[in-house]
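Trainee: Single-letter residue listing:
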Amino acid sequence: DQQVKQNSPSLSVQEGRISILNCDYTNSMFDYFLWYKKYPAEGPTFLISISSIKDKNEDGRFTVFLNKSAKHLSLHIVPSQPGDSAVYFCAASEMGTNAGKSTFGDGTTLTVKP
Amino acid sequence: KAGVTQTPRYLIKTRGQQVTLSCSPISGHRSVSWYQQTPGQGLQFLFEYFSETQRNKGNFPGRFSGRQFSNSRSEMNVSTLELGDSALYLCASSSSGTGMETQYFGPGTRLLVL
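So the sequences go chain by chain: A and B. Quick note, this note's numbering runs 1404 ahead of the 1-based positions in the first sequence. Quick note, this note's numbering runs 421 ahead of the 1-based positions in the second sequence.
It is worth saying that the hints were derived from the structure and are not from the lab. Note that the coordinates shown come from a computational prediction; the quantities given were computed from them, not determined experimentally. Even glycine gets a Cβ: it sits at the ideal position worked out from N, Cα and C. Mixed in with the good hints there might be a few duds.
To be verified - Straight-line distance between alpha carbons at most 25 Å, and here's what the computed DMTMM-like set of lysine to aspartate or glutamate pairs gives:
no., chain 1, residue 1, chain 2, residue 2
1, A, K1517, A, D1435
2, B, K478, A, D1510
3, A, K1475, B, E473
4, B, K478, A, D1405
5, A, K1505, B, E496
6, B, K478, A, E1498
Said to hold, decoys possible - Computed beta-carbon distance windows for the label pairs:
no., chain 1, residue 1, chain 2, residue 2, range
7, A, I1424, B, S517, 30 to 36 Å
8, B, P482, A, K1472, 43 to 49 Å
9, B, R476, A, I1422, 26 to 32 Å
10, B, P482, A, P1486, 38 to 44 Å
11, A, S1456, B, E503, 37 to 43 Å
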């Protein structure tokens, strides 16, 4: 049973437009969510996070939205830039337990075309 | 601060052999987690160590084991390698592994089993 799902394996957008990456989860115990970005031959790097007490968190061009009732979160990138082309992983954990155990989605490959 | 380092970066083994991978966390970080990434799969959690103790374990067979040393460096061992063990193995460190901490990933060790 996959507890964190990213249903779109890939997404292609034009430079300057908005990129929206989606993530669904099934475990209602998850209360902390993160997005990581991964370039080829590198490990994932942290991008942005949100706890379940919020429904939105913004950091520059990146905004994460959380809909707890739908168990859905999304990452918005505005405006998209070619350097944003990477694999994006959604991850979830339980704040009351150890962050050392995060559950990841399969990733979405974002391609931003110049 | 130096980032998370993993050695070796690439490894080729044959079925039935065993392998040991090494991870040096960011200085001061005491939590080290290991993940397996295979094509089309997200990051699958293997285990997490904190202060030389395994705190969390994922759903992997007993052939996968690990340990952590007093300086927080960690090793992961896979015995009796199978073709399906070919993957990118990532380690991540965090300060204390509490629920809201970001994990910092190393570049990974790519293992190919022939």
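Trainee: Now tell me, hint by hint, if it's right for this structure.
Mentor: Here is what the structure says about each hint:
no.	hint	result
1	A:K1517 with A:D1435	violated (34 Å)
2	B:K478 with A:D1510	holds (19 Å)
3	A:K1475 with B:E473	violated (35 Å)
4	B:K478 with A:D1405	holds (17 Å)
5	A:K1505 with B:E496	holds (17 Å)
6	B:K478 with A:E1498	holds (15 Å)
7	A:I1424 with B:S517: 30 to 36 Å	holds (34 Å)
8	B:P482 with A:K1472: 43 to 49 Å	violated (35 Å)
9	B:R476 with A:I1422: 26 to 32 Å	violated (39 Å)
10	B:P482 with A:P1486: 38 to 44 Å	holds (42 Å)
11	A:S1456 with B:E503: 37 to 43 Å	holds (39 Å)
Violation of the numbered hints given earlier is confined to hints 1, 3, 8 and 9; the remaining hints are satisfied by the structure.
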